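**Student:** Using the hints, build the complex out of the two chains.
For the record, the sequence lines run as chains A and B. Numbering (this note's numbering) for the first sequence: 1 to 761. Numbering (this note's numbering) for the second sequence: 1001 to 1295.
Derived by calculation from the structure, the hints in this document are not laboratory data. From a predicted model like this one, the values you see are computed outputs, not experimental measurements.
Chain B side only, calculated, beta carbon under 7 Å to chain A, not exhaustive: (1) M1001; (2) G1042; (3) M1188; (4) M1192; (5) E1276.
Glycine included, C-beta positions come from ideal geometry on N, C-alpha and C.
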Amino acid sequence: MYTGQSIKRVDALDKVTGRTKYTDDLCDRKAYIARVLHSTIANGKVLSFDLSEAEKVPGVVKILTCFDVKEKHYFPTAGHPWSTDPGHQDVADRLVLTDRVLFYGDDIAAVVAEDEVAAAQALRLIRVEYEEYPFVLDVQKAMEDGAPLLHENYPNNILKHTTIRNGDYEKAIQEPGLIKVEGWYETPVVQHCHIENFICFAEKEGERITVVSSTQIPHIVRRIVGQALGTGWGNIRVIKPYIGGGFGNKQDILYEPLCAWLSLQVGGHLVKLDVPREETFVCNRTRHSIRNHIISWVRPDGTYAARKLEAFSDQGAYASHGHSICAKGAGAFPQLYPCPNVEVDAYTVFTNKPVAGAMRGYGIPQSMWAVESHTEDVCAAIGADPIEFRRRNLMPVGYTDGFSKNENYFDSFNQCLDKAMKAIDYERKYKEYQNQTGDIRRGIGVAVFWYNTAVWPISLESTSCRMVLNQDGSFQLQLGETEIGQGADTAFAQMAADVVGVPVEKVHVVSCQDTDVTPFGTSAYASRQTYVAGFSIRQTGLQLKEKILDYAHLLTRMPAFNLDIREGNIVRIPDGRVLMNLEELATEALYSLDNSRHITAESTYQVKSNAYSFGCTIAEVEVDIPMCRAKLLNIVNCHDAGKLINPALAEAQVHGGMSMGIGFGLSEKLMFDEKTGRPLNNNLLDYKLSTFLDHPTLKAEFVENAEPTSAFGTKGLGEPPACSPAPAIRNAIYHATGVGVKNAPANPHNLFKAFSEAGLI
Amino acid sequence: MYDIKALYEAESVADAIRLLQEHPEAQIIAGGSDVLVQVREGKRAGAELVSIYGIDAMRGVTYDEEGAIRIGSLTSFSHIAADPIIREKIPVLGEAVSLVGGPQIRNIGTIGGNTCNGVTSADSASTLFAWDAIVELTGPDGIRKVPIQEFYIKAGKVDLRPAELQTAIIIPKKAYEGYFGNYIKYAMREAMDIATLGCSVNVCLTEDKTGIRDARIAYGVAGPVPMRVPTAEAAAKGQPVCRETVETFAKSVLEDIHPRDSWRAAKAFREHIAVEMAKRALTKSIELAGGEIRE
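Looking at chain B on its own, in the form it has when it is part of the complex (with noise of 0.2 Å):
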């Protein structure tokens, strides 16, 4: 049993923004996966909530005319995993998502919920971070779009506006032509977890793949939000692949970096599988690239 106040139901984007603003109290639900945890927990008790789950024009992969992928925000992890658009273009993301909870969480969890939520080890969005995704946001005043760096304010805290909602997520033709990409998720164990740390890296290599055109990295949970690392996107751009490259990119991520020292990890222990996992990851996507890693 279940301490909510109301429950209203909206059948479209449009509907959905009216109930919004009819309750201004309301929060939003999709699949629940989080949402219903907090009511559980009492965070949440007593809420009034607008549930957007039967939106289905907020389902599906598509491509758009400019040629960038659009996820529905309603689309489920275990959709965004078997959708050929993402298989094709951006794998990892499908792999990522398939790291989340297990395959009930999969089924009734969203993409816009997870990113939506603000928290920093949701798994879609550290790979979302490394391929400059934008998110779509649709309400009162029209759509807005904003780049997902600016999108996540701080912990627990996204740009979303009152009676606003995510409306999808896209990622520019741009940011994923010619990127191949690795998501290493450490977590305690093999499912139905956290991650202690998520790293997503992708690269570009040279035609001969022999260089580096451009490597990006992305981390959840090495701050209160997720978070690209510049300095180690800085120190393999332009860099011959070799393994000086890879070493020197995974170190510099400590410049960066700055995960917590709590009682679920230490923050000397993440500093050090980040440097590793950094390392693997840009390996992995090298390899997927074509590239070979000289000594």
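Same shape as in the complex, but just chain A (with noise of 0.2 Å):
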């Protein structure tokens, strides 16, 4: 058995030796370049260009802009997986450039040049000449009656407002006795900042374009350039290598359609788009800032009577994922402390900022930013215990959400309560830690989350695996499921090991994939490549060796039900005994002048479930009240992702996500001039990313509770990690200092607000 093991990664001995091909590695010099030109202006409409002095650039081939756009080929961007059905579909509201400027930093035109000097030379050398309209930054008031609106057909800028209503609200807050705790919870907007900025570059050959893009999603991206250029989807080949990291950013179409319109421009010719640091925070995607408001109306005995959510998504310019985001988010209220009257409030809402996408969490980080901060301060205003309160209302076993069919089959959020608990001493920690005075104080706090694995039923879940032997008995494997750094090409190949019964080394996993050779799949997001993917790996790794079998049979004249493949053996099962080993079978197959095969197998799963994933976050803290500043002293997340693959990856999965949510706890913040619209920080030094030196040593557990809906009794694990340690964080400040911060990040900025207002300084 290769799956539970931790062998090395399948590509480690590439990334470490550099020998590993991305994007840019791949392009040929002869390349044309591209840079995007940027509206200046929040809201308003391009009247004109003044290109004379651009144009002048030595080595500048063509500037297009978006009034050279003739065909309107309005196309969607999510990642999502397409619908037939018209009313499912994504909103198809981008151009590949735009004279309707919606955001300070909307794509308006374009240099191809022959080298970067001039392409970002002639980019200086445009003028352009707009109609200002008013514009909107603040979600809310993106609502009211008379805003700025971005788009006709939606009235007070609502995307979509969605809600839930289990019970009988009203009726239930006029229980008497009741203690109603109410507050008002918001993240800020944050970036991805994947190392690996967006690329792709884009030719023509024959009458099809090639696109080579650092991108999750290459199938999506197919369907969408071929949208956006009014052309055949099969005319467009997507070619995805490594690409290092997305984190989400890359689940969405970013420049690939501009890129291959581009190429058309200059005749087909070769052309790259490179997007600095600087683009990528403003002009790819952001994470939803959302503003949520909680009342929960609670017993004095510690139990919930009746809770309310508003949540208020800020969208930004274009609508993207749309309102999914905020609908997981909010879909995890009612679910996660089930209360029998609930009214749940999910409003999307356009903006003229960054257009928010997917990031690591889908509304999921958001939402529990919201929960698990006010979960803290219901248990402040029942004066109970923040670890037995969520014992007592958190998802209780048995748990079955009717829409999904997803089941809690075990109690997953009491283990890893109890693993996380001990691994970083809580119980002597929190009681050592209360009634502190003084400047420097510490604090340990608890936070849980809710995660679902997949998309099913919102959206399709399919996956397709190949599988071609090759003479030596070894064989490629093909998935529609791709590698974004996270190691699923190494659990892929264990899993597909296991099935056909080959050492590992015999797998080679086809990591470059090519739209025009790679099964059909919708790719990484949602945590589910490994989880889908399985369900493929094992119908395909059934049929590939039943079929190995077949030929052993002609070979051996033995029946294919005795006959079983070990470690790359034909074996009879009865008496164990090796017949042939795989080499000899799979070059004899290939050659024998008899009965010559080409042995491989093909085929496609659509799963039709998926899976809670749920774990906690406890962090502990050091508070320097004076200085306004907190550091993280120690935190653990425990996860159960059901039987774990691959333990050593899925702790540095872990640890990934971790990472991310301490710089969401603490630092990061996109932020907005006020007057202009204009990002202000959107450069590495600006907007504080975490550091290493911001990060003590990260602790990832595992409760290993196998998911008995899974191929291989595992689940999501990609982007669980990276929902509970902001929350946790926040709750050790407030176990610090009795003050609890209702904004993230947890920053020394809010830290100077939130203390001052309590007086402590």
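**Tutor:** So this is what it looks like as structure tokens:
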């Protein structure tokens, strides 16, 4: 068995030696360089361009503006599976270049030049004349009557409003003796900050266009580039090499359509579009800032009588993933702490800000910031112990969600809390840090999270796999699911080796994907790669095995049902005798003059289940009150992600997610100028991504309850680690100081305000 | 790919002056950790550059004949931090420059570049202000020596004349002998950051360690250029080493500093931490000097 073992990553040697090829490594040096001109107003219309000086720059090939976009093929950008039902399709509101500017940084023109210097020089020399309109940056102000309207079809800028009504909230709150706890909790706009900025290149080959892109979702890129160019999707070929991180930003179509369109404008010549970091912050995608308003009606015995949530999600200027994110976050609210009487109103609202899309956690980090901060406030209001209160009110074993049919099969929450508390010595520290005085105080805080793997039944879940046997008994493994740095290829190889019965070295994962040859799949999002791919790997592996054993029957005359493949050998089951090895069989199968066969297997599995994936974070901080800063001393995450396929990689996943959660909780925030809508800190100096020195040792713990719906007992772990660290840190600061920060991040600016208001400084 | 019109590499100080005279539009580049960033941003795109990075005579820390500490302007931050003279006489300067950026920046970045940039947030600058540093400038007319407070003219502008380059930074013997100092960098994260506020304090105590003979304090980011805080210095000078002196000293910094209200940090916040930083840096300096703060 290879699953369950911490084998070395299949790409480890390539990555540490620098042999790994990323998008830019593959681009021919003859490529023209494209740079995008972005608007310098937040709302308005481009009236004209003066290109005269820019066109004089030596090396400039062509400058294209929004007025050159004659065929208006509006396209959606979300990396969702396509829906053949028009009612469920993503909003198609983008053009490759636009004259109708909706945020500071909108794409209005592009320079194609022979090199980067010429492109940058030309960009600086383009003059633009605008008609300016008033703009709106605040999510609730955008909903007011008379606010600047971004899209005609969406009155009050509301992209979507969904509700949940369970029981009778209004009646329930009449119960005598209830304690009302109310709070507003907000998370900021943040960005993914993957190491490799988005980059792609495109050129014409014959009558088709090839796009090589740093993306999580090559098959979706193919579809959307086809939509954006108004051509058959088969005319587009997308290649996805190794990528330097995506975290959801690359689960969106970014500049692939523009790059392909630019190539067509210069005779199909190779055009490369490499987005600078400053533009990655503003002109790719961000995480939705969500303002949550929660009211809880609590009985003195620590149970909930009624609860209410209003969530206002700031979409930015275009629809992208739209309401899916806010809806997922709001959907967690009635499930995490079930209560018979619940009202939820979730709004996703356009503002003149950069476009928000998918980012690790997909609405859950924002929701958990609010829900778990609020849980702490509830505990304080009724004098409850934070751990005991959670144990009492969290989703119980056996809970089933009527919509997804997800069931809470195990006591994951309590098991995870127990393990995390032990790992960080919670009980002792919690007592020790009660009622401190002085300038420097310590605290310890907990937060749990709700997450579910994959997207069924909201969207399609389909996975396809191909296995091609080689002469030496090894085989290629191809999947629509993508390696994006998380280690998916290694997990796939482990699963495939176990199903077919070969040493894992005999599995060659074809990592670089090409939509012309890679089996169809909708790829990396929703923490679904290992869960979903498991189904098609298992199904396809069994088919391959059957074909091999069928051929073994021809060669050995033994009945196939008495044969098995073990460690690359054909074994007779009843006596365990090795009859031949797979290499002999595979070579004979290909070259046999009697019965030549190319043994391959390929299949699609449509998954109609998904799985809860729960866990918690406990964080310990030291707060320097006069200096208004919180230092993270210790932090532990504990997850029930089912059976781990590769524990070392799982641990690394958790570390990465915790790191993102630390920045989200303590330092990261993209800021905008109120007067102009201009982004203020869109670079890695002024945007305070946390550094190695801001991290204590990251501890990852696991509870391994085998997920019964899963092909290998496993379930999602990509996004869950990023969901609970921020509120755990916030609650630790609360424990230390008695001051509960409402708005993330708990950076010195916010702590200064909060400590001032509380009279601590 | 950088938009650079021409790059001239100087082999000596005299060669650099000649190149700067021949190419009056040219700008000086040392380690490049600021200049290249600005070329990339477009601020200095298309620049002509004279590189002085190869002039080894401008590297290293030595004593001059009068016992002053002479730091060659090309000395990198990591070399300053590791230098035995700095570690013995003004360890606080090594500590301050160890807080610049990350390891790579500290290997390439130079103290001359850090000060010639003219920015208020430079981690070396407030400590150099607090230690009465002298800037040595070499140009066509020979050598000039300017107190660092006069070297900074305004934000982003220093007293560097045409074809002149900064060749050394000098800490006079009387400025360091008997002084002990501490620098606090307040930034939003533990590395790779610019100071929200920087505060450098040093003291010289009386022989019995119960009185403050002299105290000096300088801030970065408390104004458009690094600054000394004379009111606080006067408040501590000649006073007994006690809690009240420290408190008075710290509070009086508000008389002189005038930090900006900006999206990077609110004025009220900067003022609040300025007082706390002064308190802590003086406390630490007194401890380093062997003093004990009585309540």
